[in-house]
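Sequences listed follow chains A and B, in order. Heads up: the first sequence begins at 1 in my numbering, then just goes up one per residue. Heads up: the second sequence begins at 363 in my numbering, then just goes up one per residue.
What the hints contain is simulated information worked out from the structure, not anything from laboratory work. C-beta: ideal position from N, C-alpha, C; glycine also. Careful: at least some of the hints might be erroneous.
Unchecked claim - Which chain B residues face chain A? A few, computed with CB under 10 Å, are given here: (1) Thr541; (2) Cys542; (3) Ala663.
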Amino acid sequence: MKINVLKGDILEALQKVQYSASGKGIMPILSGVKIESGEGEVVLSATDLESYTVSVFEAAVKEKGSCVVNLKTLLEYLRDSGDEKLEIGCEENELRVEGTKSRIRIYTMPTEDFPAHPRIEKMVLEGLEEGKFFDAVNKVSRAASRDEKRPTLMGVYFEVREGVIKLVSTDSYRLAIKEVTGDYKVEEEGEFIIPASSLVNLARAAGKGGKINIMRDENKGQLKFEADGLDHYIRLIEGKFPKYEQFIPEETRTNIEVDKKEMIDAIKRISLISNTVKISAKQGMLILEGESREVGEGKEELEVSQQGEDINIAFNASFLEDGLQSLEGEKALIGVNEPLKPGVVTERDGTGFKYIIMPIRL
Amino acid sequence: MWPSPAAREKPEFGVGRPEPRGGIGGSAQQGTLPREVEVDLLSCSGWDEVFGQERALAYLRGILERDEVPHALLFTGPRGVGKRTSALLFSAALLCSSGSPDGCESCRKVARGVHPDLHLVEPEGLQIRIEQVRELERQLSLKPQESRRKVAVIDEAESMNESAANAFLKTLEEPPRDTCIILVAAGADDLLPTVASRCHEVRFSPLGKRDVEEYLQRKLGMDSADAERLARLSGGIFGRALLWARAPELASFRDRGVEAAAAAGRSPLLALLELAAEVQKDAAGVELTARDEGQEAYRRALDRRGAERLEKKWQEVLKRESVRMSRQALFDFLDGMASFYRDIMLVGVAGTAEALPGEGLLVNLERREDLESEALRTGPEEASRRLRALRGAKKALAANVDQGLVMDWLMLEIKGAR
Numbered sequence: 001m002k003i004n005v006l007k008g009d010i011l012e013a014l015q016k017v018q019y020s021a022s023g024k025g026i027m028p029i030l031s032g033v034k035i036e037s038g039e040g041e042v043v044l045s046a047t048d049l050e051s052y053t054v055s056v057f058e059a060a061v062k063e064k065g066s067c068v069v070n071l072k073t074l075l076e077y078l079r080d081s082g083d084e085k086l087e088i089g090c091e092e093n094e095l096r097v098e099g100t101k102s103r104i105r106i107y108t109m110p111t112e113d114f115p116a117h118p119r120i121e122k123m124v125l126e127g128l129e130e131g132k133f134f135d136a137v138n139k140v141s142r143a144a145s146r147d148e149k150r151p152t153l154m155g156v157y158f159e160v161r162e163g164v165i166k167l168v169s170t171d172s173y174r175l176a177i178k179e180v181t182g183d184y185k186v187e188e189e190g191e192f193i194i195p196a197s198s199l200v201n202l203a204r205a206a207g208k209g210g211k212i213n214i215m216r217d218e219n220k221g222q223l224k225f226e227a228d229g230l231d232h233y234i235r236l237i238e239g240k241f242p243k244y245e246q247f248i249p250e251e252t253r254t255n256i257e258v259d260k261k262e263m264i265d266a267i268k269r270i271s272l273i274s275n276t277v278k279i280s281a282k283q284g285m286l287i288l289e290g291e292s293r294e295v296g297e298g299k300e301e302l303e304v305s306q307q308g309e310d311i312n313i314a315f316n317a318s319f320l321e322d323g324l325q326s327l328e329g330e331k332a333l334i335g336v337n338e339p340l341k342p343g344v345v346t347e348r349d350g351t352g353f354k355y356i357i358m359p360i361r362l
Numbered sequence: 363m364w365p366s367p368a369a370r371e372k373p374e375f376g377v378g379r380p381e382p383r384g385g386i387g388g389s390a391q392q393g394t395l396p397r398e399v400e401v402d403l404l405s406c407s408g409w410d411e412v413f414g415q416e417r418a419l420a421y422l423r424g425i426l427e428r429d430e431v432p433h434a435l436l437f438t439g440p441r442g443v444g445k446r447t448s449a450l451l452f453s454a455a456l457l458c459s460s461g462s463p464d465g466c467e468s469c470r471k472v473a474r475g476v477h478p479d480l481h482l483v484e485p486e487g488l489q490i491r492i493e494q495v496r497e498l499e500r501q502l503s504l505k506p507q508e509s510r511r512k513v514a515v516i517d518e519a520e521s522m523n524e525s526a527a528n529a530f531l532k533t534l535e536e537p538p539r540d541t542c543i544i545l546v547a548a549g550a551d552d553l554l555p556t557v558a559s560r561c562h563e564v565r566f567s568p569l570g571k572r573d574v575e576e577y578l579q580r581k582l583g584m585d586s587a588d589a590e591r592l593a594r595l596s597g598g599i600f601g602r603a604l605l606w607a608r609a610p611e612l613a614s615f616r617d618r619g620v621e622a623a624a625a626a627g628r629s630p631l632l633a634l635l636e637l638a639a640e641v642q643k644d645a646a647g648v649e650l651t652a653r654d655e656g657q658e659a660y661r662r663a664l665d666r667r668g669a670e671r672l673e674k675k676w677q678e679v680l681k682r683e684s685v686r687m688s689r690q691a692l693f694d695f696l697d698g699m700a701s702f703y704r705d706i707m708l709v710g711v712a713g714t715a716e717a718l719p720g721e722g723l724l725v726n727l728e729r730r731e732d733l734e735s736e737a738l739r740t741g742p743e744e745a746s747r748r749l750r751a752l753r754g755a756k757k758a759l760a761a762n763v764d765q766g767l768v769m770d771w772l773m774l775e776i777k778g779a780r
């Protein structure tokens, strides 16, 4: 292999694929990046077997070939390298990177051990706006479970229907739903459980301004997110996602409109004392209380606008805060029914985001 | 779960004695772990890589062709007859697009142990721990990466401790889709009944002496006398014959067992106890050291922390395997003793060694004279009593009783009858 590249190009591509590489895993090959040179372009791949990222950039290819080297070493070298133009060559078991001032030789790993590139062709969704999609990912993924004993809940449920797509996640104490609208084109309806951690990594690597296409493989085992110069493959989670609709209250009897920032700050102060925040709404006055035997007690009063009956209810403070943090705008709506029925946190000017939270029995 | 490059590494070991004894064919100082013996020769390019297990293989190929692969299989049979090799070949067939091990890229990955859809679980130390089962569950909860299916192979499944086995039950009861779980164990009785009853059992039997002999001659190029001897001594346990062929030092423990049994009648108790202590010391000295190019390539190519991690893991594996080898050496010693007493019983029943029909019956043919004189002295009943004592000692060793204690007890027991 022999190629001439601009440092900026290869560095950008490396930074995009780096989240898929895994230095900790049991297979050392996964800490590597595969460099392949083809017709006028270079393809970088990295995988941790849960996600697989492929990034392509243009380069002057003098000789085709491929090799695998440690991603971190190459990335850190390039980040600090002063050269703008680099000549990269691979011979036997060494990769050489040469500039005018500095050069490096890195030992390669066996290329044939690198996991194969998934083949994915069936289009699911075309022309989805990156910004909107990844915003939804960031909002929803917070509610996903981290409990490895329940793998299906560690995923984000991705529901594709004609006209509307939904992202849902839950850890069985709370549930977040976001609808994404826009002028994308649904080619095929379907539902997928995507590991939340991989999706968050993708959100970090991807841009904000472009559009992505989403494809699936033959047996619905993997999804491919195709963006400009970046293909990201994610292995899906097996299993059935819970029927989440049944947890969404159709209507709420007491509806409280609060100032989002005020409310978040108040919850933060309460959570210094206790992780359970007791809320009582009384004719336009919201009282937050927390107490613990070890620390002490705290009390906050907020003026809010209230519709419906007065109520006493308690929530997990950090879960409630997570929900409020995910909202857009200055005002938040909190709707509750009874002390033991789930509450709903939404934006006042609804943008298709709902956060359902189970109360705590006192 | 052992890191993937395992299959490509060829650990070597040196026994804690200067000159290797025995010198039966093969290379003098090379050897592999019992576990890796089979894998080492594996390239997953055809069903004939498993030797002499036609019945089991015919069944496996049948369910593959009819597409009736049960979600959990249990391969049972003595150690070293090709269960693990068969499990890997069958995995290769399940994962390959052609449906049989054909040496394609996917099959070669299985052979090297780096196929992303093959999950191999082996005991770490003497047990399979619950953490390993949890990790497997996590892996299996994802859809396959390269293939249509996922395969989990649990080697030495009997070494799952109770909590691991119970955690594993959940996966066995409702395995994720497109998943085939293969448990490899000595016998169904060694597993929790709840585990065994959820698997479809496939039995592997010891090979005939002739099969082993033929293989050693044909594939390892051994001359016929050596091959005959090894095949006879290994009792049709293929992996053992192969290991001894490559590591005569290990075969020596068995030979010493025979010697000890032959001398037991004449030697004073004190000498026997000393001998036991010496054997135990030598067995503890069995050690593995590793050098391998594949491993080396990774160690160089990783960054410092990764390389350290790899090295550390490798050292842990070596240590664990050394302990296993030491144990195996003691078992070999006891097996050697047992084979001698078994022969004595035969000779005792027949009157003389000459009177036995054919040569196929005696294991220790080389010691016909010793056998005859000892048979007169010991007699079948006493030999049978000593065999019982040996069985007791093996059981105690398997249950991790202190080795010195077991060996001392055994010698006392053997001497104690008169």
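(request) Check each numbered hint from earlier against the structure, then list the numbers of those it violates in ascending order. (result) 2
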